[in-house]
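> Sequence:
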Amino acid sequence: MSLEPLKSARKRTVGAKQTIKAVEKSQAKEVYWASDAEARVVDPILRICSSKNIPTVKVESMKDLGRACNIEVGCAIAAITEY
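What the sequence shown shows, in this note's numbering, is residues 106 to 188, in sequence order.
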């Protein structure tokens, strides 16, 4: 799956804390998660996404996801809140 929508999003969350808040408030339009992230970090958020019918996109690595979010470190999970 392409990371272009995340790269070009007007607003996004980066990291578990920001993303879980956006998901719980139903502000997240789409959630991206890294396949090499720790399950204890991403699984609870993915369960909420499933219950709220928020689409999720699996990304190859935390490094790729971090790069797409314009940060210099890896990122476990991120979300688009405004396209």
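Worth flagging that the hints you see were computed from the coordinates, not collected in a lab.
Careful: at least some of the hints might be erroneous.
Straight-line distance between alpha carbons at most 30 Å, and here's what the computed DSBU-like set of lysine-lysine pairs gives [stated by the list, open to error]: (1) 126 to 112; (2) 163 to 134; (3) 116 to 126.
> The structure should be examined with respect to each hint, and the outcome stated for every one.
Each hint, compared with the structure:
no.	hint	in the structure
1	126 to 112	holds, 20 Å
2	163 to 134	holds, 15 Å
3	116 to 126	holds, 14 Å
Taken one by one, the earlier hints all hold for this structure without exception.
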